[in-house]
Amino acid sequence: LAKRGLNIVLISRNLNKLEQEAKEIERLHGTLTRVIQADFTGGLEIYGAIEEGLKGLEIGVLVNNVGMLYVFFPCKHGNIKGMLSDIVNCNMMSVLQMTRIILPQMVSRRRGIIINVSSLSESRPNPFLAVYSATKVFVRNFSLAVAAEYLSEGVIVQTVSPAVVSTNMNRRLQTGLLVESPEDWARQAVHTLGLSSHTSGCLSHAVQSFLLSLVPTWLTCSRWGVKLMPLLVAWLSGKKKAVERE
749 LAKRGLNIVL
759 ISRNLNKLEQ
769 EAKEIERLHG
779 TLTRVIQADF
789 TGGLEIYGAI
799 EEGLKGLEIG
809 VLVNNVGMLY
819 VFFPCKHGNI
829 KGMLSDIVNC
839 NMMSVLQMTR
849 IILPQMVSRR
859 RGIIINVSSL
869 SESRPNPFLA
879 VYSATKVFVR
889 NFSLAVAAEY
899 LSEGVIVQTV
909 SPAVVSTNMN
919 RRLQTGLLVE
929 SPEDWARQAV
939 HTLGLSSHTS
949 GCLSHAVQSF
959 LLSLVPTWLT
969 CSRWGVKLMP
979 LLVAWLSGKK
989 KAVERE
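Under the working numbering, the residues of the sequence shown are numbered 749 to 994, in order.
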């Protein structure tokens with residue numbers, strides 16, 4: 749988006765990383781970049797500061813891409829009360845609240861784009877990723893419904909459901925046939941704007957989505973499927989229990 753000349757507002761929890769990223773964006777693209785520090789695992793109290801930081805800005809594109817992943821293995825949960833509220837706040841509440849904040853000004857201008865990042869895991873129940881994939885189902889269904897509601901108001905709402913992108917969430921997996929780099933994936937995903945309300949973002953992930961659709965849900969949730977899932981989860985999480993934010 750910065751390459752296309754848009755000024756940027758970055759919102760995340762780590763102020764040092766935000767400021768470094770803002771300087772890099774300004775250096776590379778010459779666009780104004782503002783930062784707002786906020787931890788999306790927090791409750792409703794964080795959104796007042798976000799609204800204040802965005803006051804007076806004309807937001808043309810909202811990208812809801814914050815997210816976190818927990819892998820839950822049966823009988824090894826321990827105390828997960830805090831984890832559950834964190835993932836719900838980060839993956840679901842953030843989408844609702846940021847849409848609430850930005851959507852009214854887009855409607856008043858009769859133009860705007862909201863991009864909600866979901867996941868390929870939304871397509872079926874995923875043992876050991878039950879909570880994560882359930883939050884992504886919420887993102888998909890919310891986005892598709894809002895897209896239909898506000899299409900006549902000039903607002904485009906797009907759901908993007910990638911497969912594996914090499915990010916901190918999966919310990920920066922090696923890119924290749926199945927794994928896209930963040931830069932390549934984002935470049936391809938931007939080209940889908942206005943073409944589809946629901947996309948995988950890139951060709952390789954679209955192929956993976958199609959192939960996965962051929963696998964019956966009963967198989968992935970069968971005894972054998974459950975036995976195979978930890979191997980996939982270990983690969984996705986860099987062979988460690990994943991507790992990372994996108």
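These are calculated hints, taken from the structure and not from any lab test. A portion of the hints provided could be inaccurate.
Simulated pairs of lysine-lysine, DSSO-like, Cα-Cα distance not exceeding 30 Å [as the list claims (entries may be wrong)]: (1) Lys803 <-> Lys829; (2) Lys771 <-> Lys975; (3) Lys751 <-> Lys803; (4) Lys765 <-> Lys803; (5) Lys765 <-> Lys829; (6) Lys771 <-> Lys751.
The following label-pair restraints were derived from C-beta to C-beta distances [claimed, not checked]: (7) Ile849 <-> Lys975: 43 to 49 Å; (8) Ile828 <-> Gly753: 24 to 30 Å; (9) Lys975 <-> Leu941: 37 to 43 Å; (10) Leu959 <-> Thr779: 19 to 25 Å; (11) Leu943 <-> Glu806: 32 to 38 Å; (12) Ala893 <-> Ile828: 14 to 20 Å.
Small disclaimer: the values here were computed from a predicted structure and weren't measured. Glycine residues also receive a C-beta, built at the ideal position from the N, C-alpha and C atoms.
**Hints not upheld, ascending by number** = The structure conflicts with hints 1, 2, 8, 10, 11 and 12, although it agrees with all the remaining ones.
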